[in-house]
Every structure is written in structure tokens, then in C-alpha cells.
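Visitor: Same order as they appear, the protein sequences are chains L and C. According to the working numbering, the stretch in the first sequence is residues 1 to 534, in order. According to the working numbering, the stretch in the second sequence is residues 1001 to 1124, in order.
FYI, nobody ran anything at the bench for these hints, they're computed from the structure. All C-beta atoms in this analysis are idealised placements derived from N, C-alpha and C, irrespective of residue type, glycine included. Heads up, a few of these hints could be off.
Claimed, not checked - Distance condition first, Cα-Cα at most 30 Å in a straight line; then the derived DSSO-like pairs of lysine-lysine: (1) L:530 / C:1035; (2) C:1073 / L:227; (3) L:237 / L:227; (4) L:514 / L:369; (5) C:1035 / C:1111; (6) L:273 / C:1035; (7) C:1041 / C:1119; (8) L:530 / C:1122; (9) L:237 / L:221; (10) C:1041 / L:273; (11) C:1119 / C:1032; (12) L:514 / C:1122; (13) C:1042 / C:1111; (14) C:1041 / L:111; (15) C:1119 / L:273; (16) L:111 / C:1042; (17) L:530 / C:1032; (18) C:1122 / C:1035; (19) L:530 / L:369.
Claimed, not checked - Between beta-carbon pairs, the in silico distance windows are: (20) C:1042 / L:456: 39 to 47 Å; (21) L:14 / C:1097: 28 to 36 Å; (22) C:1042 / L:6: 54 to 62 Å; (23) C:1101 / L:327: 37 to 45 Å; (24) L:399 / C:1036: 54 to 62 Å; (25) L:200 / C:1043: 43 to 51 Å; (26) L:456 / C:1043: 38 to 46 Å; (27) C:1098 / L:493: 24 to 32 Å; (28) C:1101 / L:200: 32 to 40 Å.
Residue-level listing of the chains:
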Amino acid sequence: MSTPLIMFLLFIAVTLVITYWASKRSSGSSAYFAASRRITGWQNGIAVAGDYMSAASFLGIAGIIAFQGYDGFMYSVGWLVAYLTVLLVVAEPLRNAGRYTMADVLAYRLKPRPVRAMASVSTLTVSTFYMIAQMVGAGALVALLLKDSGISYHTAVVGVGVLMIVYVVFGGMLATTWVQIIKAILLMAGTILLSILVLAHFHFSFAEFFNAIGSVTYHDKGELVTKDFLQPGLRFKPPYGALDLISLGLALIFGTAGLPHILVRFYTVPDAKTARHSVVWAMVLIGSFYIMTTFLGFGAATIVGRDFISTHGGTNMSAPLLAQSLAGDIFFAFISAIAFATILAVVAGLTISASTSFAHDFWTNVIHKGVERKPGEEVLVARISAFVVGAVAMGIAILLGPTANVAFLVALAFAVAASANLPVIVLSIFWRRFNTAGAVTGLAVGLLASIGLILISPSLMAIDPPTVVGAARHLIQAKAIFPLENPGILSIPLGFIGAIVGTLVSHEPTSQHKFNELLVRSNTGLGAEKAAAH
Amino acid sequence: MGSSARQVSHHPPHLEQYEATQTEWDRIAATKEFKDLMATKKVFIVPAFVFFVTYYFALPILVGYAPNFMATKVIGVINLAYLFALSQFFVAWLIAWLYVRAASDFDELAKDIIEDAHKQRKGA
Chain L
1 MSTPLIMFLL FIAVTLVITY WASKRSSGSS AYFAASRRIT GWQNGIAVAG DYMSAASFLG
61 IAGIIAFQGY DGFMYSVGWL VAYLTVLLVV AEPLRNAGRY TMADVLAYRL KPRPVRAMAS
121 VSTLTVSTFY MIAQMVGAGA LVALLLKDSG ISYHTAVVGV GVLMIVYVVF GGMLATTWVQ
181 IIKAILLMAG TILLSILVLA HFHFSFAEFF NAIGSVTYHD KGELVTKDFL QPGLRFKPPY
241 GALDLISLGL ALIFGTAGLP HILVRFYTVP DAKTARHSVV WAMVLIGSFY IMTTFLGFGA
301 ATIVGRDFIS THGGTNMSAP LLAQSLAGDI FFAFISAIAF ATILAVVAGL TISASTSFAH
361 DFWTNVIHKG VERKPGEEVL VARISAFVVG AVAMGIAILL GPTANVAFLV ALAFAVAASA
421 NLPVIVLSIF WRRFNTAGAV TGLAVGLLAS IGLILISPSL MAIDPPTVVG AARHLIQAKA
481 IFPLENPGIL SIPLGFIGAI VGTLVSHEPT SQHKFNELLV RSNTGLGAEK AAAH
Chain C
1001 MGSSARQVSH HPPHLEQYEA TQTEWDRIAA TKEFKDLMAT KKVFIVPAFV FFVTYYFALP
1061 ILVGYAPNFM ATKVIGVINL AYLFALSQFF VAWLIAWLYV RAASDFDELA KDIIEDAHKQ
1121 RKGA
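Isolated chain L, as found in the complex (with noise of 0.2 Å):
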């Protein structure tokens, strides 16, 4: 048995020993949805960070800025800067006026049916878009870091899809909340010794290390050449580079406070000061793991080096490979093991929120009216969603297969968070006169003008040379209509309009007369709903 494979598998142990204890205090929907609010800040605050900091994160940035330098380095200020949003507009509000689900909030003076419909379809849309590509990424990742113990795509696949599901099936957001933490310790653990053992190797002078990326050389199309890696423009070139970086810029700052895996966090702790001082938290540990993938990143071009990677893997291989180069297959188990753990935090997280949107918001309140026809089963049709909604994105990203373009569906799951979810979040707790029209409206369009800017969108549009075949070819062969991969520039103002013209040509006094109680409520917590005891 290879090192990392027995590294996988204590970690699997722990995370199943975990999730039994938690299987014993989910019952109920406070327990299971919102493990009983009885976390605390700091627990918060790392679980925030262990369900935000995706694989794309550790290894596709770490890759971009080994082969593209400071460019790469542009995507990681974005991580962390969105907090801001979260911080300063959605976390409080939404703890104080919401239980489970950010439809709560909007359910509270437009009509709970129309509106709690159409956010559960947004939520289940960003979550399975997300883990469809989170999946695709763990299948073909851990493949790859386990290829020495025979483990094919399809055994990746299926195991991180039937990890989660049983992380969520019977732990509930307890088990989901301390597989996140734990995963986020090892995730920082980890960074922090790279970027020592990176800092070592150039006899710890920042000036030595800074030279060095002052000028890397690497193959470009056959011939040698030598880069400055900290120069902007290796990624971002004209003419729509600058467009399209500001167009992600957006998606993240707006998307960030409207990812309902992010969202669902803050009903777990006991109240919204608590709520508060998990943010901060959660932009501590990101802050301080996105600032080091400088060493990660630029470490990887100069000390591995772009022409070995690419022989090896491929971009999202940098940062592995770094660590074993620095500290040979123990520390390259170790690294693919946290690799492997971040996958696996990420999807339990979207799992719980896409199931918790599915029972809470379309089972419970749209098609039961509110009203729970016997105690449980809110949680149990939660339990089966989840069960589903696992078992369906592991078929779609086997039928998918490895090679498949899956990048785009990230894009896709922040501009639907920054272009549908956020405007009616901000325009529920903030505008009087919105309505319930406006939310329908706002979220709808939202969600279609993303996907919609996506399908047209260099990601999906594209001649490719015949070289390039299966599932790695472009889905519509010929030249994109919408020349940025990020559509968030034009969805996310189309998401506002949408809300707010659907708010003017409809009149519905209600949703105006009921605005002082959600104000009142979201800006003082009045009534919040806080831990339950065991």
C-alpha cells in the first residue's frame, strides 16, 4: 500500500468516527440543519474557511501562478477581499432574520411559495454546478496522486461522492461543520511547512527568493525562455484580459455572499455577534493561506519549475510536486492527503445546502405550505435529497469522464450567486418597496443571463484543432459571441434590474408593510432563534 493511499484512509477514519458521534445528536431539524446553533466563533470561522477554500483554490491557484505568475497571484486578492461583503452586508442580517436557508430571509414579507421556489432552484443550481466540477477535479486528482495503488477515475469518483453522502446523510451539519475544520487545520498546517521548506531552500532571504522569480525559465512552444513571474499580463492579455479580470473581480465580490454553502454557515452559531466574529476568523486563516500562495505558487515555478510539471500531471500537480521535492513521498502523501480532504470538506458542504434548500424551502414550505406533517421529516426528506443529489453528481461526473471541460462550471456557480441570490438578498433586507415579483424576477434572470453569458462564452465556444478530442472539446464549435469567461460584468447588473424592474410594474402593499418587522428583526435579532440544549 503507497503512502498517500494510508494517508486517505486515516483520514477517512477520523472523518467516519466524527460523523458517528454526530449521527447521535442530528436529530431534529436545529441538530441536523443547523447543528443545534451551538457553534462557536472560532469553530465558525475555520469551518467557513475549510468550506470555501476549494482544491481550486490550493491546487488550481498554486498551478496558475507556477505557469502564469503574478496573474495567478491577481485571483487570490479576490478569495479574500469578498469577505468584505459577507462581513459588512449578509452575515448579520441573515442570522438574525433567517433559520436554515437564505429563502428564509426572503420568505419573511413576499410570499413565501413563489419566492422559496425560486431560490431553492438557485441554490440546487450553484450547488450541483459547483460539485459537478469539484467532482470531475476529485476524480481526476486523486487518480492521479494515487496512481501508484491503481485507483482509476471511476473509483476516485464514487469514493468522494459515497464519503460525502455518508457525511451528510447521517452526520448532518455537525459532521459537515468538524470535517471542514479539520480539513482547514491540515489545510494550513500544510501550506505553512511548504512555504517554510520554500523559504529554506533560498536559505530563508526574501531577496534570494524574489530573484529567483525575478527570472524563470521554462519551454515555450520548443524554445528556452526566461520570464519575470512577477510581471502582469502572462495570464490576462489583450484585448478583453482586463475586462475579464474585472468581470471575475465582480463575481467574486458580489458571488461570495450569495454561495448558499457559505450562507447556511451562519445559522449554526448562537447568535449574530457570534456570526460577526466568524467572518473575521474565516478572512484571518483565508487571508494568511491566500498570502502564501506566493510561496506555493512562484515556489513551484522556480524551484520544480513549468517544464517538469507539465510532464507530470499538469498545472493542478505544482503544489504536490513542490512538496516532493522539498521533502521527498512523505510530505507529497501529505500534501495529496489534504488535497484530497479539501475536496472532500467542499462537497459535504454543498450537499448539506443543496438537500437543507430542498427539504426546508421546496418540501416543507412550497409544497406543504409550512406546515411539517409529522416531526422529522423535514430532516429525513433532507437526508434523502442529500442521498440524491450525491448519487446524481457522481453519475454526471463519471458519464462526464476526466477530461472534461469543467473549469467554467466554478465561473457559473459564482456568477448565479453574484447575479440571482445577491441582488434579492440585498434588495429584501435593504429596499422597502421590493416585492415579491421583483424576487421571482431578480432571481430568474439572474440565473439565465449567467448561464446564458456562459454558454456563449469562450469556456463552451471555441474552434478547436483536431488534436483535441472526447470530452475535452469545446460544446459549440465555432467563435464565442461573448468574448469573457466571466459573465459576472453583465449578469450581475442584468440580476438588479431584473429585481428591481419586476419590483416597479407590480404593486403588492403587503411586502412594504411588512418591511418594518424584517428591519427591525435583521438589524437587532430581536426573536432570533438561538442554541437549543441538549
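With chain L held as given, fit chain C onto it using these hints.
Guide: Then chain C, alone, in the frame of chain L:
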């Protein structure tokens, strides 16, 4: 906790529920204390939001449209682009820290409003 969710039958008894009439919500929203809370929040949150969004988007705009300027070397090979990107982390942390400080005032104001609301209900 929308109007419909409140019908879910079995709330555990220990939850701090607060239900009130429309008139009562309107009364609280119109009190001086509540208006003070909203004004205090606005004074911090609006400028903080505008500042961080402006500061953040200055990065992709400058890097995208003035790459040569951003490539200006400041210390050794370290250029303006990298330093500006790095500064974003510290600025974000600073704003978060300032917000937490300001928010303790919000908590104080909110506490009075909540106590008053509960008192009014008992008195009614």
C-alpha cells in the same frame, strides 16, 4: 422564519421567540433608539463598503490598463503590482477589525431596543 415557516408545529420551548403585531413592529421601527441604530450602522458600513470596493477594483483596472506603470520596480524585482496586491490583504483585515470595533456599538444600541420590546410586551 417566514410567515409560513412559523407554522412548523414543534418549536422547542427554549427558543427565544418574539412575535408581535404589525403596529408593534411599526412602533419599534419609528423609535428614536432604532433610528439611531440604523444611522450609526450607515455611518460606518456605507463608507467602508464604498472604500473597499474602490480599493479592490483599482487593482484589476490598474494592472489591466496600466501594466507598464504597475511593473515599476520598487524593491529589487518586487514591483508596484505585487505590493498593491499584497496591500489588499492588509486593507481587508484592517476594515474587518474596524468593523468589529464599530459593531460593538451597534450591539449596545440593539440590546436596549430588544429589552424595551420585551418590556413592552410584558406591560401590554
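Visitor: Name the hints, by number, that the structure is in violation of.
Guide: none
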